Amino acid sequence: MIELKDVHKRLGNRDILQGLTLTIPDGVNYVLMGRSGTGKSVTLRHVIGILKPDRGQVLVDGVDVPKLARRELQELRKRMGYLFQNGALINWLTVGQNVALPLQENTKTPPDEIQDRVVEVLRLVGMEHAIAQYPSDISGGMKLRCGLARALITRPAYVLYDEPNAGLDPIISTQIHRLIADVRDQLGVTGLIVTHSRHCAMDCGDRVGLLDGGRIASEGTIDEMLASEDELVRSFLSGHAD
Amino acid sequence: MTQSTGILDAIARRGRTIDETIRAAGFSIRLMIRVIVALPYLPRRMRFTLDSAYAAGVRALGVALIVAFFAGMILALQTGIELRRLGQSNLIGSILALSMCREMGPFITGIILAATVGSAMAAEIGTMSVSDEVTALDVMSIDSANFLALPRVVALTLMCPLLTALADMVGIAGGAVVSHFHLGITQQTYWVAVRESLTETARLLPKDVYVGIFKAVVFGAAISTVSVASGLRASGGALGVGRAVQRAVMVSILLIIILGYVITWLFYFLLRE
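Going down the list, the sequences are from chains A and B. Residue 86 in the working numbering sits at position 86 of the first sequence; the count goes up by one each step and never skips. Each number in the working numbering comes from the position in the second sequence (counting from 1) with 242 added on.
These are computed hints drawn from the structure, not numbers from a lab. Being a predicted model, the structure only gives us computed values, none of them experimental. The beta carbon of each residue, even a glycine, is placed where N, CA and C say it ideally should be. A hint or two may mislead.
Claimed, not checked - Sample of chain A residues facing chain B (criterion: CB under 7 angstroms; computed from the structure):
| no. | residue |
| --- | --- |
| 1 | Tyr82 |
| 2 | Pro102 |
| 3 | Glu105 |
| 4 | His129 |
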């Protein structure tokens, strides 16, 4: 379970998070929505331990992430995957080498087994045909799928998705959303998804939280959110400026 | 009131610049220490190290040799005119050999490596930083010093002395051309002077050569560390990458000059025989 309790964070001259409290139970996809600059990605980076809060707790399986020593944090991260906006693949490695990287660098898994696991996760995301290609030779959507395969190769308990549909066309976006739902359903992975997209929330979210003013302004299932009378929720989900 | 606010702003800006400079220096030193600690992992990075060394050699070789050749010719021309006036033209070979091996060879090679290979390293790592690839490594518990810096630092630390040795030879050869065609010195006189000046100490490797090579090793390590560190600290998109490259080249050139002086002082003043 992931829990954030009264998390505060100031970056530069701005208070980004102001008492953010949120709980993500195991096995669900939690969609964190909000306008640009409200601290969605900052929240993800707190969960993975890239950022430390000025105040408050960030707990993963009851362990306070900011208080972990470097080695303990590395151990925790082995149980977590992170999908970056553009996949963040290393450009001089092939897709297969990129996906194999976490196992090659952090485990003593035999090369044959690594190769099997690479094929397995690439097949899961429908990218086994691109195993020998370089990131520069594949499209944005394919890079995201490969990034997801890399996040999944260590069989993580949690995957954090940072804008998984940014810059993608609606068809590819829908494919990515289905993939995120499949990861939850087939692998039992808990997901924290940061997005602006209502479609993403509807396609793969179990619970939705709307971030505003540095804290969760509204939370519920997608149906509850769609039925909400709250002005902020309605304007955000409908996309109307007023 | 406005004037005093302006002064305070200026002081604050200067303070931030100093703070940033100290942080950058600290980051580079820490990175160098992390690279040294990661050295036992070098066999694992061997392929990429060799690729980096080859790329560094290919990028810099042509320019380094052309610049060294012409630097040797200029040096021969400038000193040769004065030496001829004093009737000491036969010393030209000694002067060329000592200048190239002690200072000019490592200096020329260092500057060219900073401008070509160092800038490329800063741009490459900087682009990785601003596109979250370095953060991705961190998230995967992969040490960026081990994965990114180690092969590049080792590659340039090996290639800089190799290129310097070549630059020394080509520079001395450039001097030979000018000495023959413009100063009327025979090839035999020139090359005998070169050999005598470099083998004066009768050691396996003459001091003038090994100090120059040592300088090149230090320059290679400094350029690569500063360049990778600048790239790792890049932020703010394409503009940030541009700034990282500019910073890497500027600091590398400053370090080449400063470290060059320190090593010369160390070997020819503090440890002189």
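Structure versus earlier hints, numbers of those that do not hold, lowest first
Violated hint (a single one): 4; every other hint is consistent with the structure.
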